[in-house]
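> Here the protein sequences line up with chains Z and E, keeping their order.
In this text, residue positions in the first sequence follow my numbering: the first is 1, and each later residue adds one.
In this text, residue positions in the second sequence follow my numbering: the first is 964, and each later residue adds one.
To be clear, the hints were calculated from the coordinates, so they are not data collected in a lab.
Just so it is clear, CB atoms sit at the ideal spot from N, CA and C, and this is done for glycine as well.
Treat the hints loosely; a few may be bogus.
Reference excerpt, derived from the structure (chain E facing chain Z, CB under 7 Å, subset only) [to be verified]:
#, residue
1, M964
2, E965
3, V972
4, G973
5, L975
6, A978
7, Y981
8, L1020
9, T1029
10, L1032
11, I1043
12, G1046
13, Y1059
14, D1068
List time: in silico SDA-like cross-link candidates among lysine to any residue, alpha-carbon distance up to 20 Å [to be verified]:
#, chain 1, residue 1, chain 2, residue 2
15, Z, K684, E, L995
16, Z, K783, E, R1066
17, Z, K783, E, D1065
18, Z, K368, Z, R534
19, Z, K684, E, V1054
20, Z, K163, Z, P117
21, Z, K783, E, E1061
22, Z, K163, Z, H360
23, Z, K456, Z, D359
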Amino acid sequence: MNGQEAAVVVNDPSLIIIALLPFIGALLPGMMIRAGRNACAIFTALPTVLSLIMLLLLAPSVMAGQIITVELSWLPQLGLSVAFFLDGLGLLFAAMILGVGLLITLYARFYLSGDDPMGQFYTYLLLFQGAMLGIVLSDNILLLLIFWELTSLSSFLLIGYWKHLPEGRQGARMALAVTAAGGLAMIGGMLILGEIAGSYKLTDILAAGEAIRASDWYMPALILILLGAFTKSAQFPFHFWLPHAMAAPTPVSAYLHSATMVKAGVFLMARMWPVLAGTEAWFYIVTTTGLVTMVLGALIALFKDDLKALLAFSTVSHLGLLTMLLGFGTPMAAVVAVFHIINHLTFKAALFMTAGIIDHEAHTRDIKRLGGLRTLMPVTFVLGTIAALSMAGIPLLNGFLSKEMMLEEASHTDWAGSPWALPVLATLGALLSVAYSFRFIVHVFFGRVREDYPHKPHDPPFGLWIAPALLVGLVVLIGILPHVAEPLVRVAAGAVTGGTLPEFHLKIWHGITPALYMSVIAVLAGAALLAAHRPLDRAWIAAPRPEAKAIFDGLVGGAVGLSRWVTQRTHDGAMSRYLAIFVGSTTLLGYLAWRGGGMPPQTREMLPVPPLVLVGWVLLLVAAGSMALMHRNRFRSLVVMGVIGLTISVGFVYLSAPDLALTQISVETVTIMLLLLALHYMPKASPVESSAGRRIRDGVIAIAGGAGVGALALMFLLRDTPTISDYHLANSYEGGGGTNVVNVILVDFRGYDTYGEIIVLGIAGLIIYAVMEALLNGPAARKLRNTDYSLDRSRDRHPLMMVIATRVMMPIAILVGVYIFLRGHNQPGGGFVAGLVVSIALLMQYMASGFAWTQSRQKIEYHAMIGWGVVIAGLTGAGAWLGGKPFLTSGYDYFHFPPIEEFELATAMLFDLGVFLAVLGAVMLMLYSLSRIARYAGETVNREPMDYDPSADRTTRTTKEQE
Amino acid sequence: MEFIVASSVGALTAAGIYLILRLRAFSTILGLALLSYAVNIFLFASGRLSIDMPPVLSPYGEANYTDPLPQALVLTAIVISFGMTAVLVMVALGAYLESDDDRIDMAEAAENAEYGAGGRE
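If we strip away everything but chain Z, and leave its shape as in the complex, we get (with noise of 0.2 Å):
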């Protein structure tokens, strides 16, 4: 605040249970309902009329100039808290949303009929009503933009409450899409803000007008957040949503339109006034759209037949009134629209009520079915009467004070230079104004009482008059005795200029001034137009007019075919497409980023290349243009593809990485066995699809990406970066107990996620499980036992030489694993190599014996051992606890057996056991799934290790191809 006298500032934690609890309250209503339709109005009522206590308890020291705050962090990385404040304006806004809200939920609990799911429509209500409470005392403009798109949402709900009404999702749907668009356009004008001002503090924001007026960025921001608050309040050329919003059950229309969802934007345009008001741009803008609304508003609320949409209309019309005000920038004009802003609720959310009781009573809400209402429902006659008149402009009634008000200040601004544009215009909307409320009164209170009636109109019960009674009430009262009114304008006001107020008393005499006698004419003339309605209104209806509807469904539907064509060009079920998308595209927003930032200086020189590497290199190369060109034989390709991964592994010998050494080169078997046994059931070559054009193309995009990724690793590949990497080379002996600084990464430093990944390991060995399963239980096994795989085969499946080399072999492999097992936290090895050694040992079984053979002496079962890995790694990390310290601390020490020489045992290797045991468990499951078709595909059970052992007799051979 840059007020004259800085505000004293309060901390109130309760201003956060006042915001919250409507949220909290949602909760009841929808539980409530069960116990009936008052214990469901009261429960409603309850966490409103709780905030509401808890709000007037504040109000005084607010009213005495005080500011409560209170502040909570959220993300404060983002410049995002929840922090509340509150002040006049934001008293004035609560007090109206949580006041009518209690108005609304006793007429809704009588408005709404039996069969209306009541529940449902209190939820929504107290949703919205905290919606719009926490727009109000946001201390955030982050948490502000929270709720100002939650109010989008919760109206959205609130609108298409009748569901089974055509017109009340399209209107629900209209209302999200134009206000959640501005409400996204706002986002960008107040990060601007935030951006300029250094804070997301609306406090600071208010405090850095200067700055953020100065700046170049005021445009845009200005622009993106008008956006925002016009769509919002329904201003012209978006105010075509608020009428088919009118679908909503009336207690909505009331709400939404009166008090709280509409004056939002009217709300935030007061909010920001001190930081954004005051420039020509300011002026232009929301001066002259409020004058166009206000006009335009009233011209078409006079001839629309629907109640409701009169009074939409006409509340776009006042809306316009109140941005025009506040689009004038002075200080006495910001302080006549919040007054009006108190009046226009008052009398507004009077008429829809009344106009909802007609529509109850009636069952119509066309002007031209009704007339003479006013022996049947007098209550109803009085009560809408007082409440139009006011609308009006009558003396007597508060309309009447802030419509003065408004003329007077637009009898005396310029507009580009004329002195008569404004005070015209106004008049005119305020004439307009006149003639839609007299027919209001006139055409449905006035006239004979007719015959044709879709239902013989009454008066309403009590709980259905009371609450527009009460409105009307405070109508006649401020009307009267304006000054009652006067403390919480000149707080609310203060609050919107920053402070500074000029003199000013609320009184009904303001003597003879040039804005008596545009009021005079405007009723006068009003009188007369409504006089001569009935030519006029054929007239109108005879007029071709530009359909608001039609113009946004054409849009939408142009949006929707222009989606879908997308959508259908890069979307169609293609993979091939997609990924040549995605390689295409990241491959361009790669050189972008490449083209738009700096290249750091080269700081390393390139290492020598002996001539050994470059005959790899050569390999390598070739491998792999050979594997694109020759891909369509498959088994040549996976040949190809051993190659390629060999040369790989040598090269991490080179490059100082035995680690990986060893692992890529045991993965590679296991991977080519792993494609082999698979493409024994495939087709073993893929045919010619593509065109040589489309080969083409993707040739293009392989070699745009391969060339991309390949200069991207040479450029960092001669850069240095800072590392974490010394810690780890630091540490490995003296804390995890390991001179083989990979290993003890893995073990120890990173263990979790290593833990992680033998889980992953194991999944995916179940999953390979879990498919053949189905796929053997599914028609694919007819398939297979149908389909003669016999030519494939070998005639000698297991020749004698290979089983006697792989038994011999056995226990070497074994051990060999063993010894990696053992050797790994200190030298290269380590569980997952030894896993994939002993795995292989164990394939070579497999594959000299046949699968029966093997299986009938394996005794351990797979998925025992993945799940036994993950439980000893799990247990070994779960150990540290005993010794008070966080999962996964290794400890280690040395032992010394009189035989052996001394060496270490560290928890770390029991981790890496689990390792070891969950990726044997993993590859063999995987493995073993894969040759289970074998069975299916007709293969022969052999009972003997070998198709001939010429050391058995003769007549035990088993001879059972011949089968």
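Position chain E relative to chain Z; hints supplied.
Okay, now just chain E, sitting in the frame of chain Z:
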């Protein structure tokens, strides 16, 4: 040496991309395997290249070591990419056996996916 490694990564990537753009599941799996090689080398190379400096602490005092962290990450990446390849192979095999076809593009499905125009209010 840096150029050798970078160009190898590029060549493997290019071949991998070309293969994943083919229309058959098996080619796509081969392409993904090639891409895994490329990614693994790429990650490994982010520790910069060095020769004869394995990250195994020397008992003989001061020595230079290469960056161990990328190696540890790549080690698990190699094993995980094996798991991924295995699952993909299994799925491809299953799809082939069930549908008698190992094409990957859902050409017919795309035609059926025409939105029910006018189905909305």
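> Which earlier hints turn out false for this structure, listed by number in ascending order?
none
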